[in-house]
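Residue numbers (our numbering), protein chains in the order written: chain A, 1 to 109; chain B, 1 to 146; chain C, 1 to 377; chain D, 1 to 162.
Think of the hints as simulated: they come from the structure by calculation, not from any bench. A couple of the hints might just be wrong.
Estimated spans, in silico, between C-beta atoms of each pair [to be verified]: (1) C:Ala-311 to A:Phe-52: 45 to 51 Å; (2) B:Gly-119 to C:Glu-284: 55 to 61 Å; (3) B:Gly-24 to C:Arg-57: 54 to 60 Å; (4) D:Ser-91 to C:Pro-345: 52 to 58 Å; (5) C:Ser-297 to D:Thr-100: 29 to 35 Å.
Cut-off 25 Å, straight-line C-alpha distance, at most; resulting in silico cross-link-like pairs (DSS-like, lysine-lysine) [stated by the list, open to error]: (6) C:Lys-76 to B:Lys-117; (7) C:Lys-187 to D:Lys-95; (8) B:Lys-118 to C:Lys-341; (9) B:Lys-27 to C:Lys-82; (10) C:Lys-187 to B:Lys-27; (11) C:Lys-362 to C:Lys-187; (12) D:Lys-116 to C:Lys-362.
Ideal Cβ placement from N, Cα and C applies to all residues, glycine included.
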Amino acid sequence: MNLINNLEFYLVFSSILFVLGLLAALTRRNAIGIFMGVELMLNAAGLNFVAFQSFRKNIGGGDWLHGHVFSLFIIILAAIEAAVALAIVLRIFAAKRNIDPYAATELRG
Amino acid sequence: MLQEFGNALSFIVLAAILPPAALGIFKFFRPSYPHAGKLMTYECGEIPKGSAYVMFNNRFYLVAIVFLVFDVEVALLFPVMMLFRDAVISGEGATQVFLLSFSFLFVLLLGLIYEWKKGDIDWIRDAEDRRRGLAKDKKWGRTLAS
Amino acid sequence: MKTGFDGVFGVNSPLFIFSALAAVIVILGFAAPLGGFCTFIERRLAAGFQERIGPNRVGPAGLFQMFSDILKLLLKEDTITKNADRVIFALAPSLVLVGSLGAFATIPFTNNVLGADLDIGIFWAMALGSVVSLGVLLGAWSSDNKWSLLGGMRGAAQIVSFEIPLGIAILSAITVTGTLSMHGIVKGQAWITSGGGFWNIIHNPFLFINFFVYFIASLAECNRVPFDLPEAESELVSGFNTEFSGFRYALYMLGEFCDIILFAGLGTAVFLGGWQLPFVNLAELHVPLAIAGMNVSPLVQTGLMGGVFLAKMASIIFVVMWLRWTLPRLRVDQLMAVCWKYLIPISFFNLLGSALWVWLFKGQSILQLVWAWTGVN
Amino acid sequence: MGTLSALLVAFHPNILYAAVSLIFSLLSVAGMYAALGADFLAAAQLIIYVGAIVVVILFAVMMSEDIYRGRLFDNFKRFLWPAIFSVVILSGVVKLLLQTNWSGIKDNFDRLPTTKAMGLALVGPYAIVFQYVAIVLLLGLIGAVVVARPEFHHGDHEEDQA
């Protein structure tokens, strides 16, 4: 058993992370909680990218570290998403004194 | 590289366990005579009123957002800027690296200029104050408690 | 064949852990007392600036003051207020220490005393340094005190804001060094005859200005005067650590002083040439000296390098302490203006200038150009 | 540690504790990156996620007073179906993972410095994406600031309170 040189270890960890993030996003009645669940899911995806990149056999083609670059972009997009999403959350809170996503339903058709 | 990260990790772990360890060991030597006055939140001798968890001004949040974006930018520029010297010396791709990184920087600088013009990075928002007819103290500016 | 513990980590674990522990003990065993020692130095200096005497009773010239202080703080009652959030209250000082002490791994004291020779050394130090703001914010929040919360909010906003000019200033040095590894950065600053470009601070005029940007930003990162708004004692009692008493307060102070040492060390390594001296190359120094048949040359060499590094670091720390007793505190709006309206545009401009310099002169420094022009060698 | 803290993120009733445990799960992911040999990503995870995103999240949590409203079991039915769904997904994925024959992968690899390669990728094949990232960052910055900017002319409750 050699954990850190074992692809399954990373994949199982990231699937656990993903599922917990999903659960948080589905069950929380707090917009920030949902947001943190989304962050966990994004992290799980990034971890998968890097894991597959590291264990990939280089079969032809240049070694551009595509997986790493994709994870980097995931991190960056998560950052922008955090800025915008939390700004919206705070705006909703300022209007409603409440950040339960079920409360903000005025725009529902 | 794993060894180096191991070293770095052991620094982190040691720094993290230092406080609880020191506090835990000396727990047996130090006195502990708590009473209500000692355990009260300190508010310059007044009896504390209400919770401290009041809603904060959005300005802190604005600063945090602007920081977030620029932090991402700095982090992204590190691997690119690192190439620049070698590119110049080998004579290959220096123009490419320079143009890409500085167009990247320039786009974000536009963001900073926008914030500046809109007054979002001013702690005291002169424009808003003027619109609301609040006079600004000539010498010191209007100092909000913050 | 790997068994047990070895197998789990996939590396030679006993050696791995032994080497890691050795690095930690050598450097932290040196750095943490240095942080404590700084408090004593600061008190003596403050007394000097104000024409007092300062602590001079414990040990020769008060040198052991630090140990008595630490003992006193350790033996003080540990008070956690009733409304405080105990878990986060206990966690927060650890976070601050992780941010400051953890980053000591990357400071290159000599060319062989270095905690972790990461390929991303300087970036790693910055990354860990950003954890400090979390410690400040959480510590402030957990104490349920209005002063603390105000100080913590200010502190977090200030620390994160000044990370940007700090990062850009370091980035402009990276354009010159072309590497993120701390050893690589220091090696590139050797004296000209040894093939380096000499210290980055006088590599070109842009880096000279950016060193001061770095210095100002690092003052703000450490919550030092004139940026000590988070713990402004005349307005916020003690800021984010109002409710922290006894040893917990000492931990915050240790974190602050370690932060000062950390940023002084990084500044020394990145801008002031680390252990490099003019005219000589300490890395190739050979001392023809043997004690009891043992070649002491490496020891002397390491000692000299460490001494040079520490001297540079100490002079930065001295300026930091000097400023504390010289300058008044800024207002919050001025603080933000300094960061966003002055430091960031200036450092941006210097980054551009520094990159252009590298491009125009093929990465050569002023001294190298002068050297080539005068035709020595 | 990562799993435990992720559990806390999902289940802790106090949203601030969930945020604090999010720090630890992010740190453990950074550790995984380091173990995978992605040294730059590990530091980027620290500097962007832990140093920036979590600070923003903490600000948002502290500003929204809603610390105890993430209550889990206020509506059991609302919790039950996602939970069952998640457990099914997790068991399915893990079963699939362990059954797969990973013959196309290496069982060992060198952990080489990645920073330079990533820089080359960012100015090489990903140059366009790199520029797009700048524009997305700019738009995100402006959008977030426009949304979050305090509006003084209506709703007086948010000014001068702090």
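Comparing the hints with the structure gives:
no., hint, in the structure
1, C:Ala-311 to A:Phe-52: 45 to 51 Å, "49 Å, holds"
2, B:Gly-119 to C:Glu-284: 55 to 61 Å, "56 Å, holds"
3, B:Gly-24 to C:Arg-57: 54 to 60 Å, "31 Å, violated"
4, D:Ser-91 to C:Pro-345: 52 to 58 Å, "55 Å, holds"
5, C:Ser-297 to D:Thr-100: 29 to 35 Å, "57 Å, violated"
6, C:Lys-76 to B:Lys-117, "52 Å, violated"
7, C:Lys-187 to D:Lys-95, "51 Å, violated"
8, B:Lys-118 to C:Lys-341, "13 Å, holds"
9, B:Lys-27 to C:Lys-82, "19 Å, holds"
10, C:Lys-187 to B:Lys-27, "47 Å, violated"
11, C:Lys-362 to C:Lys-187, "18 Å, holds"
12, D:Lys-116 to C:Lys-362, "20 Å, holds"
Hint check: violations occur at hints 3, 5, 6, 7 and 10; the rest are consistent with the structure.
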